[in-house]
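If you use the UniProt record's numbering, the sequence shown corresponds to residues 1 to 540, in order.
Since the hints were derived computationally from the structure, they do not count as laboratory data.
Fair warning: this is a prediction, and the values are worked out from it, not measured in the lab.
What you were told as hints is all true, and nothing was included just to trick you.
Each computed SDA-like pair below joins lysine to any residue, with the alpha-carbon atoms no more than 25 Å apart:
id : residue 1 : residue 2
1  : 331       : 344
2  : 48        : 32
3  : 182       : 193
4  : 397       : 123
5  : 35        : 518
6  : 122       : 313
7  : 42        : 30
8  : 331       : 186
9  : 331       : 483
10 : 220       : 357
11 : 48        : 397
12 : 35        : 526
13 : 42        : 399
14 : 35        : 396
15 : 397       : 115
16 : 331       : 96
17 : 397       : 522
18 : 397       : 32
19 : 322       : 307
20 : 498       : 450
21 : 220       : 287
22 : 313       : 196
23 : 124       : 45
24 : 331       : 119
25 : 124       : 314
26 : 331       : 115
27 : 42        : 521
28 : 397       : 52
29 : 122       : 322
30 : 397       : 33
31 : 498       : 483
32 : 124       : 316
33 : 182       : 324
34 : 397       : 529
35 : 122       : 399
36 : 313       : 59
37 : 331       : 396
38 : 220       : 491
39 : 331       : 200
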Amino acid sequence: MAENNGDNNNSHTIPKKITTSTKWNFNLPIGVFFKDARHVFKWDSLGKEILGMALPAALAVAADPIASLIDTAFIGHIGPVELAAAGVSIALFNQASRITIFPLVSITTSFVAEEDTVANMKLKAANHVNDDMEKGVPTKLEQHKENDDDDDDDDDSETENNNNDNNVVSKLEKITKVKKGKRQIASASTALIFGIILGLVQAIFLMFGARTLLGVMGVKHDSPMLGPAEKYLVTRSFGAPAVLLTLAMQGIFRGFKDTTTPLYVILLGYSLNVALDPLLIFVCHLGIRGAAIAHVLSQYLMALVLFLILMRKVNLLPPSLKDLQFGRFLKNGGFLLARVIAVTFCVTLAASLAARLGATPMAAFQTCLQVWLTSSLLADGLAVSIQAILACAFAEKDYAKATAAANRVLQMSFVLGVGLTFLVGIGLYFGAGIFTRDVNVLHLIRIGLPFVAATQPLNSLSFVFDGVNFGASDFAYSAYSLALVAVASITALFTLSKSHGFVGIWIALTIYMGLRMFAGIWRMGTGTGPWRFLRVPFAA
Numbered sequence: 001m002a003e004n005n006g007d008n009n010n011s012h013t014i015p016k017k018i019t020t021s022t023k024w025n026f027n028l029p030i031g032v033f034f035k036d037a038r039h040v041f042k043w044d045s046l047g048k049e050i051l052g053m054a055l056p057a058a059l060a061v062a063a064d065p066i067a068s069l070i071d072t073a074f075i076g077h078i079g080p081v082e083l084a085a086a087g088v089s090i091a092l093f094n095q096a097s098r099i100t101i102f103p104l105v106s107i108t109t110s111f112v113a114e115e116d117t118v119a120n121m122k123l124k125a126a127n128h129v130n131d132d133m134e135k136g137v138p139t140k141l142e143q144h145k146e147n148d149d150d151d152d153d154d155d156d157s158e159t160e161n162n163n164n165d166n167n168v169v170s171k172l173e174k175i176t177k178v179k180k181g182k183r184q185i186a187s188a189s190t191a192l193i194f195g196i197i198l199g200l201v202q203a204i205f206l207m208f209g210a211r212t213l214l215g216v217m218g219v220k221h222d223s224p225m226l227g228p229a230e231k232y233l234v235t236r237s238f239g240a241p242a243v244l245l246t247l248a249m250q251g252i253f254r255g256f257k258d259t260t261t262p263l264y265v266i267l268l269g270y271s272l273n274v275a276l277d278p279l280l281i282f283v284c285h286l287g288i289r290g291a292a293i294a295h296v297l298s299q300y301l302m303a304l305v306l307f308l309i310l311m312r313k314v315n316l317l318p319p320s321l322k323d324l325q326f327g328r329f330l331k332n333g334g335f336l337l338a339r340v341i342a343v344t345f346c347v348t349l350a351a352s353l354a355a356r357l358g359a360t361p362m363a364a365f366q367t368c369l370q371v372w373l374t375s376s377l378l379a380d381g382l383a384v385s386i387q388a389i390l391a392c393a394f395a396e397k398d399y400a401k402a403t404a405a406a407n408r409v410l411q412m413s414f415v416l417g418v419g420l421t422f423l424v425g426i427g428l429y430f431g432a433g434i435f436t437r438d439v440n441v442l443h444l445i446r447i448g449l450p451f452v453a454a455t456q457p458l459n460s461l462s463f464v465f466d467g468v469n470f471g472a473s474d475f476a477y478s479a480y481s482l483a484l485v486a487v488a489s490i491t492a493l494f495t496l497s498k499s500h501g502f503v504g505i506w507i508a509l510t511i512y513m514g515l516r517m518f519a520g521i522w523r524m525g526t527g528t529g530p531w532r533f534l535r536v537p538f539a540a
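Let the hints inform the model, and build the full structure from the sequences given.
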């Protein structure tokens with residue numbers, strides 16, 4: 001799995017080849033995480049490459065939870081029942097979307113980067129041949145032709161050489177046309193098809209199964225939350241195709257190492273969402289349904305704008321149906337699908353257990369969860385950048401660069417997590433009143449606050465380790481390890497929620513994130529799988 005590194009590879013001063021002259025020689029390279037920690041803030045070529053991708057990606061990833069957070073703030077002023085209802089519906093919609101979005105975006109990023117990298121390599125080779133021809137330097141083909149002319153002047157040999165010359169010229173012309181025109185990326189077309197299909201399936205599933213799914217989440221038929229929750233979920237479901245299509249296109253742009261364009265479009269879309277929220281909720285008296293309509297309209301705006309931009313860059317119609325990569329998407333997405341189901345089940349179960357405690361605990365849990373996820377997802381920007389960099393480094397067998405990049409990003413994520421601990425702790429303590437005025441809900445929010453704040457370093461490292469695994473194409477380990485983590489976490493959720501209620505749920509979620517982080521540390525820290533090269537001496 002290779003990402004398009006463009007000309008960035010040339011800017012790195014890190015040595016590519018493994019050497020034998022080094023002091024590194026330990027069987028379990030757990031110390032790799034602390035190597036060059038003093039350079040975590042160094043503004044060198046590697047730091048610029050990481051942050052150049054990470055900052056726009058982080059803002060884009062955090063945009064949707066922030067929009068949901070704003071929705072939550074507006075809905076909270078309608079009443080605690082509506083706030084709790086929106087919490088259940090948002091959790092259900094997001095988790096249903098995550099099951100389809102996460103594998104699609106991750107696989108799309110890798111496949112698009114692979115194809116784009118191969119195309120760039122061909123262009124560089126063609127340009128090199130062109131330069132040699134312009135300078136009068138004989139190419140291998142021409143040298144071969146001259147040798148043939150010296151040894152044998154028969155017509156067949158001359159005809160064959162002329163045909164080869166024509167083939168080279170034809171290939172150069174085709175490559176030049178690709179360079180000047182749109183990119184031909186078959187995996188981009190495949191991703192868009194998958195996005196549309198999965199979006200329609202998700203919309204139908206949520207619309208017709210809303211009441212049943214809410215019941216599974218703990219909203220009983222006689223609960224005051226059922227009516228507003230069903231309204232919000234069904235209305236929000238109309239936007240599912242746009243959500244999946246938008247995320248698929250984000251994956252395509254990430255494959256091109258462009259995280260800035262999606263950011264601008266997302267900011268445009270969610271600005272519309274924020275503007276429409278008070279208008280539809282309070283002025284048009286649509287209540288909780290108005291918040292859902294605002295969200296849906298913003299999603300379709302984003303999908304339309306991204307599609308128009310993408311059409312200018314990529315030829316979205318492949319030469320033939322055979323070029324579409326349905327098999328590759330299904331095969332490689334299988335592991336990620338299993339993994340995301342395990343992750344989704346844990347978070348959804350936590351929300352369901354909170355809903356069973358009643359409207360007040362659920363309202364508090366929803367507020368804490370939105371802050372928890374929104375702040376933690378900032379680390380996803382680092383995960384996106386390290387996935388791209390590692391994918392390229394492993395494809396080039398540049399293990400020194402892979403190690404240096406992984407070290408730098410993991411150290412950055414820990415620093416980010418520590419900073420978020422203070423920011424979230426202080427912000428939620430003094431700003432909880434933004435979400436609700438209910439005294440009982442505010443009391444429970446402050447009880448959950450220590451868990452939300454203290455787990456930020458765990459969350460940041462967990463998300464970045466995901467990017468490390470995907471960049472190393474370690475999809476199988478990622479799936480199997482998360483399955484084991486999910487089993488332990490589900491057991492903890494049932495046990496602790498029963499004995500400690502609201503606090504027990506947050507203790508279990510802390511265990512869950514801790515185990516996810518440990519799974520990442522174990523793989524790289526023991527030098528197994530794609531990281532087995534760490535068990536032999538090399539200079540980084």
